[in-house]
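Visitor: Residue strings, one per chain:
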Amino acid sequence: MKIRNLLVAAALAAAGAVAQPAAADDITLQFVVWNYSLDVVQDNVAKFEAANPGIKVNVTDYTWPDYQDSLTLRFRANTPTDVIYGGQDWLPAWAAAGYLAPLDKIAPESELDELKKDIAGFALSDMTFKGKLYGLPYYADTISFLYNKKILADAGIPVPQTWDDVMAAAEKLKAGGMQHPFIYEYNQTLPNFFDAFVAQAYGRGATLFDADQKAVFDDPSNGAYQQLQWLADAWKKDLVESSVHESKIVPAMNTGKYAFSVLYNYNLAALNDAGSQPLAGQFALAPMPGKTHATLGFSKFYAVTSKTAADPARAAAAWKFIDFMAGKPYTVAKRWAVEKGLGFGELPLFSDPDVVNAWGKWIDMTTLKQQAATARAGTWTEWGSVWSAYFRPLLAKAMVGQESVDQVMKDGANRWNELRAQFVK
Amino acid sequence: MPASPAPICSGWIANSMWTANRYPGLWLLPALLPVALLTIYPVASALWTSLHQVMLLLPGEPFVGFQNYQRVLTSDYFTAALVNSLLFTLVSAPSVVVLGVLIALFLKRRFFGSQVVRSVVLLPWVLPGAISAVLWMWVFNPAFGILDWALRGLHLIRDPIPWLSSPQLAPVAVIVAHVWTQIPFAVVLTMTALAAINAETLEAAAIDCRSSFKRFRYVVLPEIRSMVVVLLVYNALIAFTSYDLVYAMTGGGPGTATTLLSFEIWNESFSMYDFGAGSAVAFIVVAVSAALIIAITRALPSDLFASE
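Heads up: the protein sequence lines correspond to chains F and L, in order. Here the first sequence is numbered in this note's numbering, starting from 1 and rising by one per residue. Here the second sequence is numbered in this note's numbering, starting from 1 and rising by one per residue.
A few of these clues could be false.
The calculated lysine to any residue pairs, modelled on SDA-like cross-linking and capped at a C-alpha distance of 20 Å, are [what the hints assert, rightly or not]:
#1 Lys174(F) x Arg152(L)
#2 Lys425(F) x His52(L)
#3 Lys257(F) x Trp149(L)
#4 Lys248(F) x Met137(L)
#5 Lys307(F) x Pro108(F)
Keep in mind the hints are simulated off the structure, nothing from the lab. Just so you know, these numbers come straight off a predicted model, no measurement behind them.
Construct the entire structure; sequences and hints are all you get.
Guide: And the structure:
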């Protein structure tokens with residue numbers, strides 16, 4: 001009797017397994033990210049899975065400093081990878097190497113054209129390689145000049161308009177007892193170490209490369225050359241405090257010991273977070289000092305791998321996922337903006353009441369719009385990330401006076417032009 | 001009755017074709033295969049890569065002979081990285097051994113709480129390099145770091161010291177952190193060597209000589225010197241190939257102030273996407289490491305391990 005019952009139970013279980021074949025047909029996408037706010041990422045993924053039965057998403061994360069290496073290894077080792085966080089600086093190399101596919105391989109062009117209309121110019125430029133769109137924005141932002149309003153007001157210093165103004169203000173604050181008025185993210189391993197420098201040079205109206213993509217920043221009249229000289233002078237005058245990461249700068253500025261910094265915009269949300277920061281409300285964004293007040297705009301984006309694009313079923317699933325994360329009505333982008341203060345590449349969000357209300361608490365939206373309007377995209381080439389890895393340590397050397405500005409700019413320009421020649425050939 | 005007892009494995013086994021003497025290679029296979037798989041293959045693959053142009057962004061992997069080596073040896077960073085690595089090794093390896101021996105001698109004594117102190121001394125051993133780096137970055141932080149706070153408290157400094165962003169101080173900071181992570185292993189091995197010394201020898205030495213330094217110099221040190229040498233060689237290799245701690249603390253900077261050769265392997269391979277050049281640096285590191293070991297062992301008395 002017992003054996004018969006067991007057989008019946010086994011038969012029922014087998015029938016049940018046969019009756020539910022959908023689980024076996026599920027597609028599991030491998031989604032690779034850097035580990036910023038993983039809880040929000042996982043929650044967004046859960047919402048996507050609930051809305052798209054049959055598609056599962058497995059999230060793999062790496063730290064930001066290790067992200068580029070880890071992705072390179074994944075690509076080289078053919079580790080299954082479907083959708084990734086991409087970056088404007090890595091796109092040309094990864095696309096040229098055939099690791100990433102343009103979105104028109106997985107999505108209808110008409111849908112992409114509709115989405116493109118809403119994306120800010122610098123963000124669109126960052127996600128485009130050889131005329132093809134390779135991603136949709138995870139977030140897009142500018143690198144901004146941030147300052148402590150109270151410190152400047154107490155010292156009777158107006159908001160600096162040029163880098164000479166910043167130097168004069170810093171010297172005045174130092175004379176008044178502030179040891180290091182300027183706190184700077186000084187970490188040559190991070191790609192944004194170079195990006196922050198470019199943003200400052202853009203403020204002066206600098207163009208680092210000519211129309212043929214030859215380096216021109218080694219000319220002493222170039223704004224980039226002048227800005228590196230400015231930084232070296234500021235370090236020499238002991239006006240600058242170095243910090244290895246933006247996450248350390250936020251609490252440091254909240255000690256009231258520093259007046260200025262140059263950081264990604266979203267740090268302003270953290271600086272002015274009343275729940276965690278004692279000086280919240282004292283920090284503001286100013287247009288990047290310099291003649292043009294321009295800055296570097298950039299975009300991080302969702303991209304699809306070539307292997308996935310070549311598999312119709314996975315390609316379809318990947319497009320559904322990317323469209324959910326970055327497509328209309330921009331629910332996920334809005335969530336990042338409202339909850340975390342991440343910038344966005346989708347222009348309609350600038351007039352979204354929820355975004356305006358949330359951002360109004362920590363940033364002056366008028367100044368932000370003005371800064372976003374003058375933001376310029378960087379020059380990203382196949383050899384750009386290789387060159388950046390070479391140039392960043394040189395930049396770091398010049399800042400702290402280990403090498404002359406002239407030598408560093410000459411070496412940097414020579415290496416750029418060598419790589420350019422190699423890749424063009 | 002035979003003159004001597006028969007060996008245990010006499011008979012079929014001794015006479016069979018499966019004797020260890022007859023087919024030593026076959027018997028060694030289970031040990032050799034993993035070694036071949038995990039060591040020889042990767043090394044051979046790296047050697048192959050170092051002789052080819054394996055650049056992620058360029059098509060094909062043509063044979064280029066020693067071009068990668070030539071490019072690496074003449075690059076802007078190589079001399080700085082080599083000098084930094086040698087200095088890092090020459091300072092940190094002896095420091096670890098000297099401090100390890102001193103701490104081991106101290107911990108060998110019994111005192112109130114000695115067991116707790118022994119456990120605490122071993123703590124850095126269980127921390128991964130990256131965690132140790134984070135810890136030391138906070139110690140050296142000019143705004144919040146305990147070191148600057150203590151120095152200010154003692155009125156030794158007025159302004160914060162930029163430990164990790166000054167080209168002069170950053171090497172000192174990373175050496176201090178590295179030595180801290182390596183001391184526990186040196187302490188454990190030295191304590192093992194100390195425990196092996198004959199207690200009667202130490203008692204006799206205590207009666208004959210009142211100077212503890214002389215007892216250490218003439219009785220203890222000769223007994224543990226082979227362990228000290230092993231520690232020195234081991235720490236020289238560890239320091240010369242050190243990567244994670246320095247990478248996490250300074251990223252090789254500022255500029256090239258803390259750039260080590262091992263860091264350049266990563267830099268060439270993953271930042272520059274040039275795996276051929278990265279492999280060439282790796283082989284140069286192997287060659288210099290081998291030269292270091294030979295130099296250290298040649299500098300030692302030839303009878304060092306003779307009595308053991």
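Visitor: Given the hinted pair Lys174(F) and Arg152(L), is their alpha-carbon gap at most 20 Å?
Guide: holds (19 Å)
Visitor: With a cut-off of 20 Å on the C-alpha distance, tell me whether Lys425(F) and His52(L) pass.
Guide: Holds. Lys425(F) to His52(L) sits at ~19 Å (cutoff 20 Å).
Visitor: Tell me if the straight-line CA distance from Lys248(F) to Met137(L) falls inside 20 Å.
Guide: Holds. Lys248(F) to Met137(L) sits at ~11 Å (cutoff 20 Å).
Visitor: Could you grab the alpha-carbon distance between Lys307(F) and Pro108(F) and see if it respects the 20 Å cut-off?
Guide: holds (18 Å)
Visitor: Hinted pair, alpha-carbon criterion (20 Å max): Lys257(F), Trp149(L). Please report holds or violated.
Guide: At roughly 15 Å apart (the allowed maximum being 20 Å), Trp149(L) and Lys257(F) satisfy the hint.
Violated hints: none; the structure is consistent with every hint.
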